[in-house]
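K.L.:
Taken in order, these protein sequences are the chains called A and B.
Reminder that position 53 of the first sequence reads as 53 in my numbering, one-by-one numbering, no gaps.
Reminder that position 237 of the second sequence reads as 237 in my numbering, one-by-one numbering, no gaps.
By construction, these hints were calculated from the structure, which means they are not laboratory data.
Be aware that a few hints might be false.
It does not matter which identical chain is meant; a pair holds if it fits inside one copy or across any two.
Said to hold, decoys possible - Pairs of lysine to any residue residues, derived as SDA-like cross-links and limited to a Cα-Cα distance of at most 25 Å, are as follows: (1) Lys5 / Asp116; (2) Lys73 / Arg277; (3) Lys220 / Arg240; (4) Lys5 / Gly185; (5) Lys76 / Gly272; (6) Lys5 / Ala384; (7) Lys306 / Ala322; (8) Lys220 / Gly150; (9) Lys73 / Arg218.
This one's a predicted model, so the numbers in the text were calculated from it and none came from an experiment.
Number of protein chains: 2
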Amino acid sequence: MGILKGMRVVEGSAFVAIPLAGMTLAQMGAEVIRFDRIEGGLDAARWPVTEDGQSLFWAGLNKGKKSVAVDMKSPKGRELITRIITAPGEDAGLFLTNLRVRGWMDHETLSRHRDDLVMVALLGDRHGRAAVDYSVNPSLGFPTATGPEGSTEPVAHVLPAWDCIAGNMAVTALLAAERHRLRTGQGQEVLFSLKDAAAAMLGNLGIIGEVAVNGTDRPKYGNALYGGYGQDFICADGARVMVIGLTDRQWRGLVKATGMVEAMAALEARLGESLAREGARFRHRAAITEVLAPFFAARKVEDFAKAFDTGGVTWSQFRSFAEAVREDPDLSTENPMFHMLEQPGIGSYPTPASPLSFSEIARQAPNPAPALGAHTEEVLADVAGLQSGEIGALFDEGVVTGPRRHPAWVKAAE
Amino acid sequence: MGILKGMRVVEGSAFVAIPLAGMTLAQMGAEVIRFDRIEGGLDAARWPVTEDGQSLFWAGLNKGKKSVAVDMKSPKGRELITRIITAPGEDAGLFLTNLRVRGWMDHETLSRHRDDLVMVALLGDRHGRAAVDYSVNPSLGFPTATGPEGSTEPVAHVLPAWDCIAGNMAVTALLAAERHRLRTGQGQEVLFSLKDAAAAMLGNLGIIGEVAVNGTDRPKYGNALYGGYGQDFICADGARVMVIGLTDRQWRGLVKATGMVEAMAALEARLGESLAREGARFRHRAAITEVLAPFFAARKVEDFAKAFDTGGVTWSQFRSFAEAVREDPDLSTENPMFHMLEQPGIGSYPTPASPLSFSEIARQAPNPAPALGAHTEEVLADVAGLQSGEIGALFDEGVVTGPRRHPAWVKAAE
Numbered sequence: 001m002g003i004l005k006g007m008r009v010v011e012g013s014a015f016v017a018i019p020l021a022g023m024t025l026a027q028m029g030a031e032v033i034r035f036d037r038i039e040g041g042l043d044a045a046r047w048p049v050t051e052d053g054q055s056l057f058w059a060g061l062n063k064g065k066k067s068v069a070v071d072m073k074s075p076k077g078r079e080l081i082t083r084i085i086t087a088p089g090e091d092a093g094l095f096l097t098n099l100r101v102r103g104w105m106d107h108e109t110l111s112r113h114r115d116d117l118v119m120v121a122l123l124g125d126r127h128g129r130a131a132v133d134y135s136v137n138p139s140l141g142f143p144t145a146t147g148p149e150g151s152t153e154p155v156a157h158v159l160p161a162w163d164c165i166a167g168n169m170a171v172t173a174l175l176a177a178e179r180h181r182l183r184t185g186q187g188q189e190v191l192f193s194l195k196d197a198a199a200a201m202l203g204n205l206g207i208i209g210e211v212a213v214n215g216t217d218r219p220k221y222g223n224a225l226y227g228g229y230g231q232d233f234i235c236a237d238g239a240r241v242m243v244i245g246l247t248d249r250q251w252r253g254l255v256k257a258t259g260m261v262e263a264m265a266a267l268e269a270r271l272g273e274s275l276a277r278e279g280a281r282f283r284h285r286a287a288i289t290e291v292l293a294p295f296f297a298a299r300k301v302e303d304f305a306k307a308f309d310t311g312g313v314t315w316s317q318f319r320s321f322a323e324a325v326r327e328d329p330d331l332s333t334e335n336p337m338f339h340m341l342e343q344p345g346i347g348s349y350p351t352p353a354s355p356l357s358f359s360e361i362a363r364q365a366p367n368p369a370p371a372l373g374a375h376t377e378e379v380l381a382d383v384a385g386l387q388s389g390e391i392g393a394l395f396d397e398g399v400v401t402g403p404r405r406h407p408a409w410v411k412a413a414e
Numbered sequence: 001m002g003i004l005k006g007m008r009v010v011e012g013s014a015f016v017a018i019p020l021a022g023m024t025l026a027q028m029g030a031e032v033i034r035f036d037r038i039e040g041g042l043d044a045a046r047w048p049v050t051e052d053g054q055s056l057f058w059a060g061l062n063k064g065k066k067s068v069a070v071d072m073k074s075p076k077g078r079e080l081i082t083r084i085i086t087a088p089g090e091d092a093g094l095f096l097t098n099l100r101v102r103g104w105m106d107h108e109t110l111s112r113h114r115d116d117l118v119m120v121a122l123l124g125d126r127h128g129r130a131a132v133d134y135s136v137n138p139s140l141g142f143p144t145a146t147g148p149e150g151s152t153e154p155v156a157h158v159l160p161a162w163d164c165i166a167g168n169m170a171v172t173a174l175l176a177a178e179r180h181r182l183r184t185g186q187g188q189e190v191l192f193s194l195k196d197a198a199a200a201m202l203g204n205l206g207i208i209g210e211v212a213v214n215g216t217d218r219p220k221y222g223n224a225l226y227g228g229y230g231q232d233f234i235c236a237d238g239a240r241v242m243v244i245g246l247t248d249r250q251w252r253g254l255v256k257a258t259g260m261v262e263a264m265a266a267l268e269a270r271l272g273e274s275l276a277r278e279g280a281r282f283r284h285r286a287a288i289t290e291v292l293a294p295f296f297a298a299r300k301v302e303d304f305a306k307a308f309d310t311g312g313v314t315w316s317q318f319r320s321f322a323e324a325v326r327e328d329p330d331l332s333t334e335n336p337m338f339h340m341l342e343q344p345g346i347g348s349y350p351t352p353a354s355p356l357s358f359s360e361i362a363r364q365a366p367n368p369a370p371a372l373g374a375h376t377e378e379v380l381a382d383v384a385g386l387q388s389g390e391i392g393a394l395f396d397e398g399v400v401t402g403p404r405r406h407p408a409w410v411k412a413a414e
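Work out the full structure, taking the sequences as your base and the hints as a guide.
P.N.:
In structure tokens form, the structure reads like this:
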């Protein structure tokens, strides 16, 4: 049941990155146990929420996990979490976290209970300060380079991109460290920060070089593709489309499909420059857009959609979230990645499985997110190895709780 | 020499996602061999470029790889690439690609030469159509939800976020499939598409649920943090800062550090509602911003920066790319992740290593990107197992080429 079947990962987390990492592993077949405070984690009521305050965000990022609810302030609760994290098993002893690690939950302390523990810890920045996607992004320059040409207002992205990237990097870190352990028996701690993940990408994409070597800054280019041709157009039906001419093939396809072969040759003659080079297309994008605009202004999307697809044009239509969900078959159960999934307390809606399709492993359907504490009893018995009497006492003392509607959800709905 | 020391990965790629995947593996110690056409790949001249047309983008995304230049249209060239991909070795037989796979380079054909081959192939969309970050993003709704409140202009992001996410997912796919092979001896093909990776994230973040369950669409909220409090402010020195009040701790820290405890209590009294709940903070964000704005308008960043840091406020300053590179120590060699690296043909500038720090493995410094064909001879001898006479003949026939300045760079600089 999944390519990582048999692996057990424990997750102490909140928000996007580490929950996404755990969910990614769960969707590949790992047993992922997320532990939370009795009252629910920091992200228990994170928006978007339903009308009665249930978190669609939490449901989305915790699919297929087991949930344990523990009083993390009590010594007994901390001991239980330590036991769950460091429980025996060849494919266990794997811990993902972005919680503030203090004393009892740091790598040094935990590895006293299991010396081959692999722990992946995501920090805000390398100094250990808190940072979130919304704070990292402005500090690195993207909002200043985003938005309409000529505007001086910075525009922050809505997608928590750095979190999504860091979450996937946490999976890489865990699999690489587990691979090393399999060969050497050696566990370890892997540390990284959200800001470093973002700063590295700034370098990887050549943007640091652009500043340091060229001495230039990047202005806003609106919705234009940087360094090649790509532009948005408004069509006769009011719809907006994006067309791409990044590679030679894409560029020739676009010019041909719009019937602009001669018009573009005339433009090249007027400019005294070939548009066969991507840099030339970028520099002359305004002139190219002027040539192409009448084509789109005179047509509805349906007038050219089929010809664009068969002509190999790389293009798409701008849609709002609601339009995308309602109109794009790739976001429906026509796409084998999506299933109508009943999420208890919320309802049934199209829910994605892993985007990865492994040829030798049957593709797993998505599983719902657990109610808080849904697996407390099971995990205390099967993973922590407690007897039913001990478990009953822990429930009675309030050190742990079982499944119920999420208190934070109830609170948000009050 | 890196946690993946001994692993050999072959990469046939262009642009962001798969080159990023290969680079990620190379920075963790894998031997990564990228093959390209004699004239260079589709991304050989990708912007940003230096004044003489050398690609800073290509240099950033191919750090630490080996480069082989082969005539991919000739049967001999194809045979060589097949040999390199399927060469023996317990930790080899790993292939990453986002090229159009036709016949000779598909999994079925390649695995005839090595039946435990692991191949990870990234498509544009699930139908096999081309798609790029610039076309996927508008189709899913983010540009419509991005930008100033009330505006109807869609704003596309500048960060190729989906590519960065998909590249990291390709690493996950490869490590998971290699783990499976280590245990079972079985190779396989892992397929996924850029659009599916993005569509899944739309679901994971709760946005599909928001549409399907709540029946709502998300408007633009400017630079406000969605579902909690987070807002940008202009300070007395003209600088702009982002402050975050997502969690209770962050919110209380912000209110205290700005000296607004009483003012915020007065606002709560006026509203008849507690701002202790994140949803309430989001709904009343305009009123909160009105309370906080005078604090920032009256102060330069330096007047409150230290107090914010010591008071545990989660905040940052908006900077352009150039300002970030020049002013933020986290983007300089003060950060152990960055090294001044001499990239042949370009110069020396701060270059990131892997953001991941493994406690049991010395952190690797970044290595430069190779010149096109820099390792052709070495790889033909050591990996493909050819004799020097055979190699010489292949060079003479033009089936392969050796190191030189990148023709596409030279062309772009003409």
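K.L.:
None of the hints should be skipped; say for each whether it holds.
P.N.:
The hints, checked one at a time:
no., hint, result
1, Lys5 / Asp116, "both (20 Å within a copy, 20 Å between copies)"
2, Lys73 / Arg277, "between (62 Å within a copy, 22 Å between copies)"
3, Lys220 / Arg240, "both (20 Å within a copy, 17 Å between copies)"
4, Lys5 / Gly185, "both (20 Å within a copy, 16 Å between copies)"
5, Lys76 / Gly272, "neither (78 Å within a copy, 40 Å between copies)"
6, Lys5 / Ala384, "within (20 Å within a copy, 35 Å between copies)"
7, Lys306 / Ala322, "within (23 Å within a copy, 43 Å between copies)"
8, Lys220 / Gly150, "both (7 Å within a copy, 20 Å between copies)"
9, Lys73 / Arg218, "neither (48 Å within a copy, 38 Å between copies)"
The structure is inconsistent with the numbered hints 5, 9, although it conforms to all the rest.
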